[in-house]
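Residue numbers (my numbering), protein chains in the order written: chain A, 1 to 361; chain B, 1 to 427.
Hints listed in this document are in silico derivations from the structure and should not be mistaken for laboratory results. These figures come from a predicted structure and were not determined experimentally. The C-beta atom is built at its ideal place from N, Cα and C for all residues, glycine as well. Don't take every hint at face value.
[Unchecked claim] To list a few chain A residues with every Cβ distance to chain B over 10 Å, as calculated: (1) LEU118; (2) LEU145; (3) MET234; (4) LEU242.
[Said to hold, decoys possible] Now the in silico label distances, taken between C-beta atoms and shown as ranges: (5) A/GLY346 x B/SER425: 37 to 43 Å; (6) B/ALA327 x A/ALA344: 48 to 54 Å; (7) B/SER425 x A/LYS294: 52 to 58 Å; (8) A/ASP175 x B/GLN256: 18 to 24 Å; (9) B/SER425 x A/VAL6: 50 to 56 Å; (10) B/ALA373 x A/ILE254: 29 to 35 Å; (11) A/MET1 x B/ASP341: 20 to 26 Å; (12) B/SER381 x A/VAL275: 53 to 59 Å; (13) B/SER381 x A/LEU200: 19 to 25 Å.
[To be verified] Just so you have them, the derived chain A footprint on chain B, three or more residues with Cβ under 8 Å: (14) 329-339; (15) 401-407; (16) 413-424.
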Amino acid sequence: MVKGVVDWLDERLDLSDLKHFIAEKGVPIHTQEVWYYLGGMTMFLFGVQVFTGILLLLYYRPSSAEAYESVQFIVTQVKFGWLIRNVHSWSANLLIALAFAHFFSVFFLKSYRKPRELTWLTGILLLFLMLGFGFSGYLLPWNELSFFATKVGTGSAGAVPVVGHFMLRLLRSGDDVTGATLSRFYGLHVAILPAITTALVAGHLLLVQRQGMSVPPGIERAQKAGKLGPLAQMKFFPNYILRDVLAWYVVLAIVAALAAFYPWELGTKADPFAVVPPGIRPEWYFLAVFYTLKLIPSHIMGFEGEQLGVVAFGIVAIVLVLVPFLDRRASRGERSPVFTVLAALGLVYLVVFTIIGHYAK
Amino acid sequence: MSQIARRCLPLIAAMALFAPSQATAQPAQAANTCLTCHSTLADTRLATPAKLFSGTDIHRERGFACADCHGGDPAAAEKARAHDAAKGYKGAPRGQAQITACARCHSDADLMRRYAPKQRVDQATEYATSVHGKQLAAGHTNVATCASCHGPHGIRLVSDAKSPVFPTNVAATCAACHADPRHMAEYKLADGTPLPTTQFADYKKSVHYAALTKGNDLSAPTCNDCHGNHGATPPGVGAVSNVCGTCHAVFATKFQSSVHAQIFDKGCVECHSNHAVLKPSDAMLGSTGHAVCATCHSGADDKGAVAADTMHGQFEQLEAGIRRSGALIGRVKNAGIEVSDQELALREASTKLTLARTEMHGFVPASVTPIIADGAKIVESVDAAGEKGAAELRFRRRGLAISLGAILLLVVALGLKVRQIDRRSHS
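Required output: the full structure, derived from the provided sequences and hints.
The following block contains the structure:
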């Protein structure tokens, strides 16, 4: 039957190019190929987010008076609403974890080097967008924790020099976190960010398909030195894609188990006039930054400490975007230990500060 | 208003403010040689007052000086002239003289209005009606006077946490005399028995002391809340339930309507004690064990014993139900099922239990039973909702197990397929 449909389409659209691409596309087989699957798993979870997000949209009401109650209604009254909400929350967290894993695997394997600068660029922007999804989505249940964490998070944006106050008002839709902020975050979460993300994912995938999988520089150098022959190829369809699907199923099983055994808390409804409860902290993926900003002294050489911290993180973000253009040695196929060390230090910093931030009072 | 008049107005106002008053006591504005000399004396008995007065002292802070209480000439450099009786020097006022010295200002409404407009001015009058005041009038100079509680020098506001009469310090201040058997030896109760000195030790075991010192509840009662402060006297027979009822109003009303109100000499104290008021429990009710009712009531024929046992059983039953339901709801909640309505209902059931315990002070089981029945009905509905939640939880877990099994099968099938395709590719 599938063949019949393909033939029918072929007759009308001439799919010979596509058929040829599918038949010829191969994936190099080597010791590091396991990291290739992280990108596909991240994309799969993005699909889960879109699917569960659309279902949640059917019942969610984005206003400070109704948001909390609507989420409560979803998890208590809507058939399988609890499952959809839990899967949405858990897969969002797994997605960010996998996106970070994908980012570090690409960094360590130097897959950003010429000619894949654009793939890196779209990828790093996607990572920032995923963090944006997490930040905007966190407020939507309008509970106490998310309300005050958003207040702290948007407050940090206010520390950006020159445009800080403008950014704070832009994010909050006013001077404080209110129902207007909720509407704004809702718009960001369900329309603006998904639109940009869809375009970037399409571009990212197109580039990956067009340029093929990157082979680690160490293997390339061994080939050039004649120590290693041409790499064996695995067919993309169906050998590689079936492995990808297998990994997706494993991820799905993990999400389902987490959703059933560790349900996502609803908390208590946000009360803007309540005293800030103790232990307010952002989601785990912002903990390292949050804790670092907390550690910085209030004033350093006449400058505000938080302002300096925010500027430093901004510079780090810009450097990350420009990595393929800065790491000239990797582009020439040479070893670039400086960037490997920097990536390792970045990874250690993120892990250590996230753990300390989690336990710090 | 003319230009000159407008310019002179602040001057006239300032003159009016600092003009000599006709009040009996005035802050001494002149040089104070008392402190200059006394602070250098080797005799600590004479030097300490100067040191204390120079530190935190509300009187000094408000502009008063040594001579305002002790008399004499604070401007004189020689001891003889400074301590001249002709200049009103009266030394350290003790006993009734101290009450008079303090009352000179503190009973003067006009004067006190200037410094503490809200403060009462009847302390001396009240003191005269107190046991302390009466004993003093009878010639017992060992009794407490103003300085015994407030201190003679270094006097702080009552609202100052370091003041000996700040709520958390009152009991220790009273205990300085009342817990000292030697000090209290000469005083006897009306029946001739020695005055007890265990009040402070008993009070320290009480819920009131715990609330005040551990719970930081400054409204929790200490000595003066039941005995009065300046008019300190033990609450008389019949007045006890009024004293307790000041805070425990509902309990007092129920008790007044009960048959025990006519029988109990000491009211609330009969069951709850006076200074060692322990946390009440349902174990106090009943006709067996350590129940306080058992002192008078026992046996199946005793109506009081039956009533006490009935109410005790009802309380235990409702409390056990609330505990059981709470555990069930907690389990279901932990598993992610929304139970805020049930939590609210359980709080309502707990309120019913408290209401029933309050109603018990009327000692009529018939008025307790309907409240307990209401509570039991709530617990029943929460139990039903909890069971439904537990069933939902089992359904979710079973569903997940089936889904995971299906996914696992798919993973295995895919793995086999991948291996088959790989093998075919190699061949």
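Each hint, compared with the structure:
The non-interface label for A/LEU118 is consistent with chain B: the shortest C-beta to C-beta separation is roughly 31 Å, beyond 10 Å. Taking the minimum C-beta to C-beta distance to chain B, about 16 Å, the non-interface status of A/LEU145 holds against the 10 Å cut. Against chain B, the non-interface label of A/MET234 is violated: not every CB pair exceeds 10 Å, the least being about 8 Å. The beta carbon of A/LEU242 sits about 5 Å from the closest Cβ of chain B, which is not more than 10 Å, so the claim that it is off the interface is violated.
The hinted window of 37 to 43 Å between A/GLY346 and B/SER425 holds, with their beta carbons roughly 39 Å apart. In this structure the supplied range 48 to 54 Å holds for B/ALA327 paired with A/ALA344, their Cβ-Cβ distance being about 49 Å. Against the hinted window of 52 to 58 Å, the Cβ-Cβ separation of B/SER425 and A/LYS294 comes to about 55 Å, which satisfies the hint. Distance hint check: the CB atoms of A/ASP175 and B/GLN256 are about 57 Å apart, inconsistent with the given range 18 to 24 Å.
Between B/SER425 and A/VAL6, the C-beta spacing of about 21 Å breaks the proposed range 50 to 56 Å. Roughly 50 Å separates the CB atoms of B/ALA373 and A/ILE254, a value that falls outside the hinted 29 to 35 Å. Taking the beta carbon of each, A/MET1 and B/ASP341 are about 52 Å apart, not inside 20 to 26 Å as hinted. Against the hinted window of 53 to 59 Å, the Cβ-Cβ separation of B/SER381 and A/VAL275 comes to about 34 Å, which falls outside the hint.
Distance hint check for B/SER381 and A/LEU200: the Cβ-Cβ separation is about 53 Å, which falls outside the suggested range of 19 to 25 Å. Counting residues of the region 329-339 of chain B whose C-beta lies closer than 8 Å to any C-beta of chain A gives 4; at least three are required, and the coverage claim holds. With 3 residues carrying a beta carbon less than 8 Å from a beta carbon of chain A, the region 401-407 of chain B meets the three-residue requirement, and the given coverage holds. Under the rule that three or more residues need a Cβ within less than 8 Å of chain A, the assignment of the region 413-424 of chain B holds, with 6 such residues.
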